[in-house]
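Those sequence lines, one after another, are chains P and Z. Counting in this note's numbering, the first sequence runs from 497 upward without gaps. Counting in this note's numbering, the second sequence runs from 20 upward without gaps.
Keep in mind the hints are simulated off the structure, nothing from the lab. Since the model is a prediction, treat every value here as computed from it, not as a measurement. The reader is advised that the hints may include incorrect statements.
To be verified - Label-pair distances were calculated between CB atoms; the ranges are: (1) V682/P with E515/Z: 53 to 63 Å; (2) A778/P with A307/Z: 48 to 58 Å; (3) G659/P with E624/Z: 52 to 62 Å; (4) T791/P with G400/Z: 33 to 43 Å; (5) P52/Z with G745/P: 53 to 63 Å; (6) A409/Z with E600/P: 32 to 42 Å; (7) S413/Z with E600/P: 25 to 35 Å; (8) A488/Z with R511/P: 48 to 58 Å.
For each residue, glycine too, the CB sits at the ideal point set by N, CA and C.
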Amino acid sequence: MTTQPGQRLVFLDVRGVQEEATVTAVGEDPLPVGSHLRSRSLTLEYVDGTPNEVLHLSPELGRSAGYDALDNEILAGLRLSRLCGSYPYPSCVSRLLGYEAHGEHPFALLAPYRGEPVGSTGGRILPTEKSAFQRSLLAGVRWVSAAGIAHRALSPFNVHWDGMSAQITGFSDATIAGAPRAVVGVPPWQAPEQRPGQVNGAVTDKDDVWAAGRLIYYVSTGRDLVRGDQVCDEPDLAHLLGGIFGPIGERPSVRELLDRLNLADPVPRLAVPDTDLRQWRAEFLRLRACKHPHTVDRDKPSAPSGTTPKPSEPPRRRRRLWR
Amino acid sequence: MAVTTVLHQASYSWQRTRSGTAFGPVRSTLAAPELQRVHRRIEHWLRTSPSGSPGLSHFYGNFDRDAVFVRRVQPRGGRSAISHLLVGPSALLTPRLALELRDWQWLPTQGEHLAPLEIRALDQYRVSLDAEAHSPEALARLTPLLSHVLATGEGVVELPPSDYAYSLLWGLQAILDGLAFDLSRRTRWKLTFETYDDRPALPSGSGVFVRFRTGAKEPASHPVYASVADQLVATYTHRSAAVRAGADPDPHPSGAHMPSPVPVRPSPASVTSKLITCPICASTVDWADPALYRYDPLMGSYAELTIPATASDTQRAQMMRTAFVRCVDPEEPGSAHYLPLAYGQYGAPAVYGFIGATKSGKTHLLTAMIGQMEKHGLGFGLRHRPLTLAGHKSLIDEQVSPFLNKSQVIEQTRLGTVGLVDVLLIRDGEGEARPIALFDVAGGDLLEIEAARKFLDVVDGLIFVVNAAELGQDELGDRTFNTVLELLEGSGRLAEVSAAVVLCKADLLRFDDPVTLWMRQEDRVLDAQASLNESADVYAYLRARDADAWTRPYREGRKATLHVASATGSDIVVDKTFVRGVRPCRVLNPLISLMAMTGVLTSPEARKIGI
Chain P
497 MTTQPGQRLV FLDVRGVQEE ATVTAVGEDP LPVGSHLRSR SLTLEYVDGT
547 PNEVLHLSPE LGRSAGYDAL DNEILAGLRL SRLCGSYPYP SCVSRLLGYE
597 AHGEHPFALL APYRGEPVGS TGGRILPTEK SAFQRSLLAG VRWVSAAGIA
647 HRALSPFNVH WDGMSAQITG FSDATIAGAP RAVVGVPPWQ APEQRPGQVN
697 GAVTDKDDVW AAGRLIYYVS TGRDLVRGDQ VCDEPDLAHL LGGIFGPIGE
747 RPSVRELLDR LNLADPVPRL AVPDTDLRQW RAEFLRLRAC KHPHTVDRDK
797 PSAPSGTTPK PSEPPRRRRR LWR
Chain Z
20 MAVTTVLHQA SYSWQRTRSG TAFGPVRSTL AAPELQRVHR RIEHWLRTSP
70 SGSPGLSHFY GNFDRDAVFV RRVQPRGGRS AISHLLVGPS ALLTPRLALE
120 LRDWQWLPTQ GEHLAPLEIR ALDQYRVSLD AEAHSPEALA RLTPLLSHVL
170 ATGEGVVELP PSDYAYSLLW GLQAILDGLA FDLSRRTRWK LTFETYDDRP
220 ALPSGSGVFV RFRTGAKEPA SHPVYASVAD QLVATYTHRS AAVRAGADPD
270 PHPSGAHMPS PVPVRPSPAS VTSKLITCPI CASTVDWADP ALYRYDPLMG
320 SYAELTIPAT ASDTQRAQMM RTAFVRCVDP EEPGSAHYLP LAYGQYGAPA
370 VYGFIGATKS GKTHLLTAMI GQMEKHGLGF GLRHRPLTLA GHKSLIDEQV
420 SPFLNKSQVI EQTRLGTVGL VDVLLIRDGE GEARPIALFD VAGGDLLEIE
470 AARKFLDVVD GLIFVVNAAE LGQDELGDRT FNTVLELLEG SGRLAEVSAA
520 VVLCKADLLR FDDPVTLWMR QEDRVLDAQA SLNESADVYA YLRARDADAW
570 TRPYREGRKA TLHVASATGS DIVVDKTFVR GVRPCRVLNP LISLMAMTGV
620 LTSPEARKIG I
């Protein structure tokens, strides 16, 4: 469905509250080739008259992959918003403002991206900006991993740079940590575990580290990384990127990379585990133990009662039911 | 309701007390107040009179929701009396289980103490009495006994001590549990019994109490109820899947013989019979040499199939492949239904039903399952094929294909029906092939549907479909869940039926933890740990959403799993079409879990599912 001026959009904000806004202006904002989503710049006017510039993402018509891509954007946006809670939203990741996920024409509304894709600058930034790029990119990856998701497709086309800091955008391939790995991303930014024939296991918080390291190398040197040991030839990068391009089991976490830059964890607090769910999971396990006692260790068998009833009490008189 | 699959036990003998000696408990797994309560209720039946029989006898009683089974011996007179008690919920400790455990001398210990007994641990000690109960001598005695039970209703029926006591009780419980129904109370009679007593006195009680007592007279058939009893016994002899003609020779040929009324005695031909329970009407059908039928698609009806004597082996095999066996519900003699011949030619069939309210999504789930099986198979070495080729093709053409390829909405299950949707043959690697029959149960008020009751008497596994769109709207949960669970509990089958609770239409919850994670996991997986994790997560999610009532199948069933699934992938319908297309998600795992829990899959991993 084409979004047009005058159209009324009904959607949920990230807290699940229904919002309404009217489209007052529409502009095209093409996404990279191969994306299953279509994007437009919209100017919205909310019911209270507040105007707002947003990015409108919708699936390409008739393509189920588009629905999945939009779901991934919404999932990532919701989880990042929930993680932030009342804290200021981090500028190093794109921001979901609202969504309509279940209707005939689903869409997501995002805050406009900052800057331009770092790939549009030919992968080169000023030498004085390298450090800021590294710090903000890794901070963004850290926020993503803390939200329990993996972007899985970091590349120069979806990491933006505005001259001050990087911003991770384009979560259409994102998924939740623990989901089975799949062939995702495009060479040469594809981590080995995401390549055809090498896919194995479940997504972890280290899956984005490979692409982030490769992107840092590319932006810092202007060259593609052909072999992992090339980083040893770059004294400025050897320490930061050490171990990133080896086996995933030995790959450092993003927090370790932040440590190497002497940076504190940008995530002020971890998401508080849902105590409600924990409580009910415990109830489930208690029920299971009751139904199937052999599934739990029972170090103390039920002891016989020390106060057994008095034997042979006189039988009680009761109404005779059998006639 | 407290959920347990554990039976308690207690041991009684004579003890010295300050005031003398008394027959009382010496060991027990029950807490003192509970044991005291049980003690008061069954004290009379703890032993026979001091001068009574030295041999083994049993008492089985039902008190409110609890049942007590007492094993009594006094080998050297009254002072040597020893009694052992099993105590548990009557849904677990059924008369049938009690009779099966008649020869078991319980009291396994943990160290020096008695241990509560997990019901599963008793499986190895359960011994059926089917063969003995179907002996001509037992059947001849069963009719007059049953006629008096029917005449008395809830009350006491006495017989003289008999070597056939256990066989008679077995046959009686089978009939009361499956064939007879107390219309005035809309329930089934609860059988309680005492296999020997020598005292005329009797405390009060409730239910049907059959007692073998010295001095009682051998009953003749009741003049009014003899005919009904005849019919029930005849049906019972046909239905049992374990009828064996001429089982054991009569060890007491001089014993009193009742006049033999109608009971159909096993004929010599049935020595080789293979009896299959019809999943549609619960009748027993002899599969040894049945009359064959074929489906005529032009006429839309079945016609008798005669295989010419001149037919070649190939022609005969071809005709047999598409042959059906006719079954007539004895309670509806005018109606007939047909089962594929292959249904009874492999291992024991497993019968599964889909339970859920109208619009819960169960028909779409079932259709999506069949579609995904057709498209991807079941995976990990499992093979399947339809047993009714014409019926399966029709299902694919008329229901599955329009649903999956054209995204068309399937009409709701008709009200008042329990419909057989498909019969598939499942083979796990090189193991024994077993048929599974899939039934779609209408979401109306099952209490009014007798077919549903019959179905629940034969079902092995149920898929309870939770409608994600309904969460939080009704704290009482799905009425059909409650009805089915109560019917199962009433028939004593609650512990026998496995359950897979499926949070369906989970696409509506796909951004919620932990639904997100499970919606993105793979389908067609047999992994006990993953199944347990998913079950715990879905249970927790339902509880956190105040949907406690929907977790009842897990809480009350013995083997159960919980799942997330989406049959369609989205819920938006315009002009009876899912406008975003149909994309089933994780629909086969519940069926695979059910096959594991009901023994169709037999790998070590499969045996861990649902526990």
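Hint by hint, here is what the structure shows:
1. V682/P with E515/Z: 53 to 63 Å: holds, 54 Å
2. A778/P with A307/Z: 48 to 58 Å: Hint holds: Cβ distance 53 Å, inside 48 to 58 Å.
3. G659/P with E624/Z: 52 to 62 Å: holds, 56 Å
4. T791/P with G400/Z: 33 to 43 Å: For G400/Z against T791/P, whose Cβ atoms are near 26 Å apart, the range 33 to 43 Å is violated.
5. P52/Z with G745/P: 53 to 63 Å: The hint (53 to 63 Å, Cβ to Cβ) holds, given that P52/Z and G745/P are roughly 57 Å apart.
6. A409/Z with E600/P: 32 to 42 Å: holds, 38 Å
7. S413/Z with E600/P: 25 to 35 Å: At roughly 32 Å between Cβ atoms, E600/P and S413/Z fall inside 25 to 35 Å, so the hint holds.
8. A488/Z with R511/P: 48 to 58 Å: Check failed, 21 Å falls outside 48 to 58 Å.
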